[in-house]
Amino acid sequence: MTTQALPSALAEIVDDFLALSEPERLQLLLEFSEGLPELPERLTNHPELLEQVVECQSPLFLTIETEKDDAGRPAAVRLFFKAPAEAPTTRGFAGVLHEGLDGLPPEEILSVPDDMPELLGLTRAITPLRMRGMTAMLGRIKRKVAAASGVRA
Amino acid sequence: MPYPVEQNEKFAAYAHSERLVSTEWLAAAIESGAVANGDLVVVESDEDVLLYETGHIPGAVKIDWHTDLNDEVTRDYVDGAAFAELAASKGISRDSTVVIYGDKSNWWAAYALWVFTLFGHQDVRLLDGGRDKWIAEGRELTKDRPAPAPGNYPVVERDDTPIRAFKEDVLAHLGSGPLIDVRSPEEYSGQRTHMPAYPEEGALRGGHIPTAASVPWARAANSDGTYKSREELESIYLGEAGLTEGDDVVAYCRIGERSSHTWFALKYLLGFESVRNYDGSWTEWGNAVRVPIVKGADRGSFPVAVGV
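Residue numbers (our numbering), protein chains in the order written: chain B, 40 to 192; chain F, 19 to 326.
Hints are computed from structural coordinates only; laboratory data are not their basis. The C-beta atom is built at its ideal place from N, Cα and C for all residues, glycine as well. Heads up, some of the hints might be wrong.
In silico DSSO-like pairs for lysine-lysine, Cα to Cα no more than 30 Å straight-line [what the hints assert, rightly or not]:
{"hint": "1", "chain 1": "B", "residue 1": "K121", "chain 2": "F", "residue 2": "K151"}
{"hint": "2", "chain 1": "F", "residue 1": "K151", "chain 2": "F", "residue 2": "K185"}
{"hint": "3", "chain 1": "F", "residue 1": "K80", "chain 2": "F", "residue 2": "K246"}
{"hint": "4", "chain 1": "F", "residue 1": "K80", "chain 2": "B", "residue 2": "K121"}
Here are some chain F residues the structure puts well away from chain B; computed CB gaps all over 10 Å [as the list claims (entries may be wrong)]:
{"hint": "5", "residue": "V67"}
{"hint": "6", "residue": "S207"}
{"hint": "7", "residue": "A306"}
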């Protein structure tokens, strides 16, 4: 695993995590959980537009929207997450993905390695079960992006 | 020195009422300065490793089940030296009164209490209703992390025998004593090998240990997360599940956390002398070679009928 294939914003986040001690990494994850943006109104009023990632131990819902360029090609993927405040670990990882991937073209999101969550240096502090939830969250995003953009994952 | 025990009508009916405290009682103890001066140590133990940091009961310290209580290499709990170091760092001495609370109806809090009991810690109590009830009542939370004066904790070797069952103990127990399976009905019947809405945890076989009665853990709890009354608990465990006074009981779930909640109810609220938590639970049994398994809603029998 290397960070070379990661989109630059995500690579920067990974570097930030790895530069810290384990307790500080958890603190940083907490900050990401606090920074996760609220859903826009059109989605809060339509929860059926969000999909639940059942592999997460806490309720986590997400969806994507694709913005097209002038030629009608998918140019930017917007990510939307919903997770309760009492699930800070799940929210934190959603926050990482949001800050690292929101607004990128489909190809860049699809190039993120599936095991990217393990790069954050949290595998000792966070149970394997939760790490799998994080991996599932990324996998779901990639499948939805692939389906929406016609690009193979 | 042990802190005074709470007296109220609900708790008085339990076999060991000194093991529970209410949110009102804890709030009053905090108000009186008992936590600030170290007479009482409050511990939060959650499933989510970051939940404590989002806000906790004033003065509470955090103990994480995964990083603090489990051994990092072997599937086991920490040893006496590591536990002594952990306890002291949280301001806990051997004679401290410890009150534990947590999320998810106290699953992890009960689990932590059970681990404290493996080390023979005398005075460890559970906050009835846990974190959710405290918050639902609008009680104070803080993000301030206390810096307690180090406790004085000796290195005590764990004594697993009285309250912990290993796979071999369960095999020997089959046919001679009752088992309580506290997982969901779907896990019990073998329809699924993990909790509803929880991910696959890699058990290769589904079903339950022969003869185990199915009593999902939440049957012991009210909707606000507090334990049901003694009378209600008796009708569930003695009535429906068929336990009788003096039984030697083994409880299990998936990894031993939900069954700690039931262990607490059987041991301290109903007063069964011998209750063991099989922490290997389904993630061990459902992967073990040639152990007997029953599928479906019936308890099944032991020895398991073969052939025919």
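For each hint, the structure was consulted:
Restraint check for B/K121 and F/K151: the C-alpha separation of about 24 Å stays at or below 30 Å, so the hint holds. Taking the CA atoms of F/K151 and F/K185, the gap is about 35 Å. The hint is violated against a cut of 30 Å. Between the alpha carbons of F/K80 and F/K246 the distance comes to roughly 27 Å, so the proposed pair stays at or under 30 Å and holds. Distance check on the hinted pair: F/K80 and B/K121 sit about 27 Å apart at the alpha-carbon level, within 30 Å; holds.
Not every CB of chain B is more than 10 Å from the CB of F/V67 (nearest about 6 Å), against its label as outside the interface. In this structure F/S207 is separated from chain B by more than 10 Å, as the shortest Cβ-Cβ distance comes to about 20 Å. Consistency note on F/A306: stated as away from chain B, and its beta-carbon is indeed over 10 Å from all of that chain's, at 19 Å minimum.
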